[in-house]
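Quick note, the sequences are listed as chains A and L, same order.
When the first sequence is numbered by our numbering, its final residue is 339 and no position is left out of the sequence of numbers.
When the second sequence is numbered by our numbering, its final residue is 1339 and no position is left out of the sequence of numbers.
Watch out, some of these pointers could steer you wrong.
Simulated restraints, written as ranges between beta carbons of each label pair [what the hints assert, rightly or not]:
hint: 1; chain 1: L; residue 1: D1224; chain 2: A; residue 2: D149; range: 33 to 43 Å
hint: 2; chain 1: A; residue 1: F92; chain 2: L; residue 2: T1200; range: 55 to 65 Å
hint: 3; chain 1: L; residue 1: G1107; chain 2: A; residue 2: H205; range: 50 to 60 Å
hint: 4; chain 1: L; residue 1: A1261; chain 2: A; residue 2: E68; range: 23 to 33 Å
Keep in mind the hints are simulated off the structure, nothing from the lab.
All C-beta atoms, glycine included, are put in the ideal place defined by N, C-alpha and C.
Number of protein chains: 2
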Amino acid sequence: MTAPVPPARPDPPARPIVAVLCADRRPPGMREVERGADVRYTTADRLAGDLRGADALLVWDFRSSALEAAWPAADALRWTHVASAGVDAVLFPALRDSDVVLTNSRGVFEGPVAEYVLGLVLAFAKDLAGTMAAQRERRWWYREAERVDGATAVIVGTGPIGRAVARTLRAVGMRVEGVGRGGRGHDPDFGVVHGLDALTRRLGHADYVVVAAPLTARTTGLVDAAALAAMKPSARLINVGRGALVVTADLVAALRAGIIAGAALDVFDTEPLPAGSPLWSMPNVLVSPHMAGDVVGHLPMLAALFVDNYGRWRRGLPLRNVVDKYLGYVPVPAAATRD
Amino acid sequence: MTAPVPPARPDPPARPIVAVLCADRRPPGMREVERGADVRYTTADRLAGDLRGADALLVWDFRSSALEAAWPAADALRWTHVASAGVDAVLFPALRDSDVVLTNSRGVFEGPVAEYVLGLVLAFAKDLAGTMAAQRERRWWYREAERVDGATAVIVGTGPIGRAVARTLRAVGMRVEGVGRGGRGHDPDFGVVHGLDALTRRLGHADYVVVAAPLTARTTGLVDAAALAAMKPSARLINVGRGALVVTADLVAALRAGIIAGAALDVFDTEPLPAGSPLWSMPNVLVSPHMAGDVVGHLPMLAALFVDNYGRWRRGLPLRNVVDKYLGYVPVPAAATRD
Chain A
1 MTAPVPPARP DPPARPIVAV LCADRRPPGM REVERGADVR YTTADRLAGD LRGADALLVW
61 DFRSSALEAA WPAADALRWT HVASAGVDAV LFPALRDSDV VLTNSRGVFE GPVAEYVLGL
121 VLAFAKDLAG TMAAQRERRW WYREAERVDG ATAVIVGTGP IGRAVARTLR AVGMRVEGVG
181 RGGRGHDPDF GVVHGLDALT RRLGHADYVV VAAPLTARTT GLVDAAALAA MKPSARLINV
241 GRGALVVTAD LVAALRAGII AGAALDVFDT EPLPAGSPLW SMPNVLVSPH MAGDVVGHLP
301 MLAALFVDNY GRWRRGLPLR NVVDKYLGYV PVPAAATRD
Chain L
1001 MTAPVPPARP DPPARPIVAV LCADRRPPGM REVERGADVR YTTADRLAGD LRGADALLVW
1061 DFRSSALEAA WPAADALRWT HVASAGVDAV LFPALRDSDV VLTNSRGVFE GPVAEYVLGL
1121 VLAFAKDLAG TMAAQRERRW WYREAERVDG ATAVIVGTGP IGRAVARTLR AVGMRVEGVG
1181 RGGRGHDPDF GVVHGLDALT RRLGHADYVV VAAPLTARTT GLVDAAALAA MKPSARLINV
1241 GRGALVVTAD LVAALRAGII AGAALDVFDT EPLPAGSPLW SMPNVLVSPH MAGDVVGHLP
1301 MLAALFVDNY GRWRRGLPLR NVVDKYLGYV PVPAAATRD
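Next up, chain A with everything else stripped away, as it sits in the complex (with noise of 0.2 Å):
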């Protein structure tokens, strides 16, 4: 049972007042938001004071955690948009309980991330980590590699990432099915998608499990010693979505014992990945600076959605990603899905 969406063309005041959490760089492009706004730019300590009287929040610096300690100043908010695909960092109760309407990011990120999933992918069937090392030591390490053409990605998480890394991964061969919330049979992208209550039997199947759902009450810890253990020996796990989608220390065990192959990680419980984790030095396991989605040109990408979604808010357009609150995303029905 999910609750209503909330209304997406929240009344603009006259002159609005727009806050902008950032760090250390604000977005590019604002002239057009600076001229008909009064625009607040404001970091994670000052948040409070601006948020008062504010109508809308821009959450730049969408690795902030700072907004749900402010949320009791933020009288006048309506709308806040967040920069990021992702929002579980913003959906704090008090925020998802509120009439705020928020947006997301979405449309920037999903052809970048199925690149990077792809990419590893490859890596992998490849061994690239392994003929790099051979190269240090100046040694010529014949061996065969895999292909990726007829082998199986199980994706779970059938939102537009998970979407399209399905797209991506069957453009070169590979047989692709997705697990998700929705579970609905046939679809054009993923050929089949299974509901989440079948994660643990559909893992079974795959070379590679791809993990790229959003974080919600249902999704954390999804992959789990029980899920993991499903995976073949040979599977690779790709997490690409957020850490805590993933058990980290059941992934450790899991790696350690051999239950599976390995695992390629963009996301983790803590960001950065803190300078002791058993992660960093594994040898099946490749640690990246969650970069999948962030490709050069993506930060003026992201500051021009949010200047199109304020043209929408300020002419009392319906906005773009409007976020279920209660789902934790933007549902996207089936027909839509290719925009």
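Given the coordinates of chain A, assemble chain L onto it according to the supplied hints.
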């Protein structure tokens, strides 16, 4: 001007003698051949003796260069098959000018090489080498990656392997074009194919230059200082053809001077690459051990291709993959490239 292709149906004798040049391991699945022929498994040092009287030769150890020295002993040879795509190692003048039919292993390596090249392209675009280096230092090194969607690849060599590379790179949104001996305007896979004389002019458009040409008199040293100077400073060179297609000294100089951004090399003038080569330790170079086309299961596939051709030979049918020994590769009509 090309010489006529030698006859593809050398008459097989009643019980032929088939020599198989192999190193430590014999080809699998040879029982069918052994039933109807006297099969002489031989090595480089015994080759001359075993070639005497042999009707057919399988060069299973295609890395061996023993054939030229043993050639005068080939007094009855009608057909030679090599377990590789490139035939440069056996195309010495005496074989080329003889009536011996030469066939190769076209059809086994195309898909694997295409995947490998895509893996290298993505490894560059996402800087996987940098991420792995940071991981070794337990360092969270966040930065923006590059997209491959929309990037341009110029593929040098428009035979079956270059064509498979073109299709695969195109499948992930790259723009591709071909440069090859038979420059011919529009092409379904390459978009457009330019002649070799246009090489230097076209290289300036490339984010990635993929060398997948056969090694012939015409292509030896094709990528030299002038060609490298024509490339963008941000471009990467990928060589999966033969080492001698690239002038190694020029490449090393270009990389050191920042004339191009990087190189991934799977083939070298001398293989294994000598430990003293500067390529091993250059920061923007990936050295891999001539493995791009060799996936798990490729040896049975190579053997099966020979056994199939052997059956054709016995039945007087046209052989598959007859090499035009003056061109140095199997000529493929444009309409027959998708088999």
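Structure-based check of each hint:
no.	hint	result
1	D1224(L) to D149(A): 33 to 43 Å	holds, 34 Å
2	F92(A) to T1200(L): 55 to 65 Å	holds, 60 Å
3	G1107(L) to H205(A): 50 to 60 Å	violated, 29 Å
4	A1261(L) to E68(A): 23 to 33 Å	violated, 44 Å
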